[in-house]
Amino acid sequence: MTDTTSGLTTSDGRPLKAALLAAQSKARRRAFLLVAPLLLFVILTFILPIAYMLQRSFENDGFSDSAPQLAAWFAEHPDGSEITEGAYAALVADLATMQANKTPGQAGTRINYTVPGTISLFKAAARKAEDLTPPYKEALIALDADWAAPKLWAAMRSASTSYSADFYRVAIDQKRGEAGDWARGAERERIYIYLFVKTFILSAIITLSCLLLAFPIAHLLATLPMAKSSLLMILVLLPFWTSLLVRTTSWIVLLQQQGVVNNILVALGLIGDDGRLVMINNQTGTIVAMTHVLLPFMVLPLYSVMKTIPPSYARAARSLGATSWTTFRRVYLPQTLPGIAAGSLLVFILAVGYYITPALVGGADGQLISNMISFHMNKSNWSLAAALAAILLVAILILYWLYDRLVGIDRLKFG
Amino acid sequence: MKKLLVLSTALTAVAFSAGADVTVMSWGGDYTKSQVEAYHKPFTAATGTAVISVDSDNPAPAVKAMVEAGNVTIDVADVEYADAIRLCDDGMLEEIDPAVLPAAPDGTPATDDFLPGALTDCAVTTIVFSTIFAYDTTKFPEGPTTIADFFDLEKFPGKRAMRKGAKANMEMALMADGVPAAEVYAMLETPEGQDRAFAMLDKIKKDTIWWEAGAQPPQLLADGEVAMTTAYNGRIFAAAVGEGKPFGTVWDGQVYEYDLLVIPKGAPNPEGALEFIKFATSTQPLADQAKWISYGPARMSSGPLVGLYQDGKTEMAPFMPTAEANLTNALASSYEFWVDRDAELNERFNAWLVAN
Amino acid sequence: MALPTYASPLEKVWYYAFRVICAVVFLFLIAPILVVIPLSFNAEPYFTFTEKMLAFDPAGYSMRWYDTLLTLGSSAPDGPRDSGWWSATWESATWIKAAKNSLWIGFWATILATSLGTLAALGLSRPEMPYRRLITAILISPMIVPIIIIAVGMSFMFAKACVDSGSALGTILGPFLSNRGCLANSDLGVIVAHATLGIPFVIITVTATMSGFDQSLIRASASLGANPRTTFFKVIMPLILPGVISGALFAFVTSFDEVVAVLFIAGPEQQTIPRQMFNGIREQISPAILAVATILVIVSILLLTTVELLRRRSDRLRGVTGR
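Chains as they are written, first to last, in the numbering used here: chain A, 7 to 421; chain B, 8 to 363; chain C, 7 to 329.
Some hints here could point you the wrong way.
[Said to hold, decoys possible] With a cut-off of at most 20 Å between alpha-carbon atoms, the simulated SDA-like pairs for lysine to any residue come out as follows:
| # | chain 1 | residue 1 | chain 2 | residue 2 |
| --- | --- | --- | --- | --- |
| 1 | C | Lys103 | B | Lys171 |
| 2 | B | Lys272 | C | Asn185 |
| 3 | B | Lys171 | A | Gly369 |
| 4 | A | Lys234 | C | Glu314 |
[Said to hold, decoys possible] Per the computed footprint, the stretches of chain B lying under chain A, defined by three or more beta-carbons under 8 Å from a beta-carbon of chain A, are:
| # | stretch |
| --- | --- |
| 5 | 69 to 76 |
| 6 | 94 to 103 |
Just so you know, the hints here were simulated from the structure itself, not pulled from any lab data. Glycine included, each C-beta is placed from N, C-alpha and C at the ideal position.
The following block holds chain A by itself, in its conformation from the complex (with noise of 0.2 Å):
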């Protein structure tokens, strides 16, 4: 290859091949400049966004902000230093500060995450750190003997630190134990590992009865002729481009009690009206609703691969003598796999984050892990929210790439 093309040169005398590499860079860079607007607009406002959030996940301020005296001290005596006099003393001139910043409430909170109970310890500390005498050390202890706990030291060193990974630990549930180390938290507190958990247990239950409910109607819509099946595509695109709020409440007037769902099953006198359905405000509610929302995104990449799948196969399986439910499980069912595959990704992909729906008709028990991450951030725990945020975006970003393995993610499309 290279023999044949390195002695031939261009009309202005350029060799072939540096012309050609040329052309083809400068094709490169061409269309590399029409990509890159979109590419520096998507990093500056969502990569970086993104980029800041795990940032904030070990962003580690409420408490070494304003416990710069214990910190210094933290720095100078390493991991498994006898707690002296010196760090009580450092302590107490950090609360007096903090009390003078009107910040032992944002100090205790930082605390609180890894040992809870200690809001109140800090805030009442801090109230008579003025008043306080050495011994420092006695001195704490007599306000409570909490203060001398092996595990509240061990907190506390960790968050003296700019950025810890403490709020990855308490994002899987993990607290300090009493010796100071990390350890399960309380039966009581852990709730992460469980919503996580969860999430996903609904998600695989939405995403399975989209596919159940996706399948038959897909065949339908890839075998009717061309004029019927436009037809009825309408009804699975309509929803797709309806509001998802005016979705959700409409279930919302279906599935309540006095709803259109339980009149009509009254009417009927399949129920009582004094046994009437709870419907929203659970899980149900949740599911329902999410299968429906999440619906369109199952029927559509079903179609497209049942749609090129020969009608022939399966009469050529009948002629050769099979019954109709092995033609289905042995010739059909195969080959909508793919479709299977990139729905029921997708479908489960969106429905792992989802908020809206579950917070408007989840009731308590109808929430996902999203429903955790906006109720911190409302309560201003950033960090934690972030982490449980980061670790989320882990779980998705893998998905993603099966997603881009299995099907391709230039196969998306709609309608």
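Given the structure of chain A, go ahead and fit chains B and C onto it with the hints provided.
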């Protein structure tokens, strides 16, 4: 030159704020409506300053979030007592000198005119409200009568609703468990007392819907979603008397407290905010508010001016949290308790809520 | 899929059962959207069909909830609806203000997403595009990453993204930014956020149109002496226009329907229709919400029809037959 620059900036700032709107964050629904009628509209009529109303489930966490993010968009917030104290302790509110508040019409200075404790370093009380429980009279014609009935699913079957948070629920649970009102907070200080409250809540957890906005409980009752719910007394009053809904209020075991106006640190228009608070907490607006919702005014001079409900025939006095008949088994919410323990108990409450 | 002649009786039963199942699923898809329409004309403040409605008694129906959309929060005095009343309502009614905000934000977000997205889609469809797969994955990811995560990140960053009001940039962007000159609580912040969320839809629709696009047309145009500009406007644009318009409509709907980012990064002045609905649903779902919902359903039917017509036109232009 530099001085001149500073001066001109300061001048434009003042000129800007004089014409600027005041944004007030409150609790939405009928309560915000009562404030709009009694404070906002007369304030705009008197000063020409427009008031923008923003709704929130609870303005206190929103204020905290805004101040911490350095991103305050509101000028005045309506918060509960413990939250006002805590936010002030944490340096998140502007201080308000009680001396600037207008005196009563008879000349009594504001500091003597307000109820005891109603003026704090950073906040001015507007009303006394109460968390009570209400029920659907079509489902229980005889009606529950005690707080214990709320937790009794056998005697009074049906769904319940409670506020999503520890405050008031813990107190009501203990009172329902037979703890006298006077001992509730001493008991809640101890881990055993907290366990006891949660054990009581456990009894109805499976049948309870958790509301967040104050407008939700009357809605849940009206839609037949629940048979009984805890609620702010004024909301139930507005639905029952104002709209004729079949709701009954049980005052036994009520938890009453103050509601206050505050100015977040870094508010866009602090001067306007202070003017608004001075106006809203003067004698007449406080008395007028009771025309729209059954909350007691915080000024003694407003008391005699409280007349009839807007329908022109309902006497307001028996519907107030502080009416003699309503206080037989009532608890004054302790801000000392909640200032320090709010975050800790809510954390436990949320974990309890999520766990099955 | 007509029933084959060799079908067994069992298969015949299944054939009809299958049709019934499909009908039920279609009902599940469409009923929730249609049910709000009659209910929004309910004369009573309930969310269910009253006896009068079922009997088609005109007294059971009314326009009162549509009327509250005009009167809620309006400073117009009760009285005759003259031009003064309408102009006061136009300025102050809560839902009208929300609609104006939504349209304003949606318009700019669409312009931003469509212009940048179309350019990028053109680049991505070129065979020479380097790192195509990676870059596509990045540009599509705002659709995949949960909005709550994006909103959390933006709320952290936009509060810090401020310009000095005295600077040149501040003078230009001033009217779009918050009082403090920040992206948080500003129109521009919401516009930028919505544009980011709309971009994947533009990329996907425009690249889909480009996939049937014959690249040799560009070369043909160039060989006939057209400069790149002429080629773009006379050859490329007419062919991909249906895709661009579909993408723009998708971007608009994304913005028009978005509430999470608004909840996290917007201030009280960026009250949009979805935000107003979200608050309304959570607190007190008055039938006025159903009236808004009905209007939105009609809007989405119109948009869907437009997109379908465009798609057919595009398929015809590109010589693609069938779906």
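Against the structure, the hints:
1. C:Lys103 <-> B:Lys171: Not satisfied, since the Cα-Cα distance of roughly 32 Å exceeds 20 Å.
2. B:Lys272 <-> C:Asn185: Between B:Lys272 and C:Asn185 the Cα gap is close to 16 Å, so the pair holds against 20 Å.
3. B:Lys171 <-> A:Gly369: 10 Å, holds
4. A:Lys234 <-> C:Glu314: Satisfied, since the Cα-Cα distance of roughly 15 Å is no more than 20 Å.
5. 69 to 76: Our answer is that it holds, as 5 residues pass the Cβ test (under 8 Å) against chain A, meeting three.
6. 94 to 103: It holds: at least three residues are needed, and the stretch 94 to 103 of chain B offers 3 whose Cβ sits within less than 8 Å of chain A.
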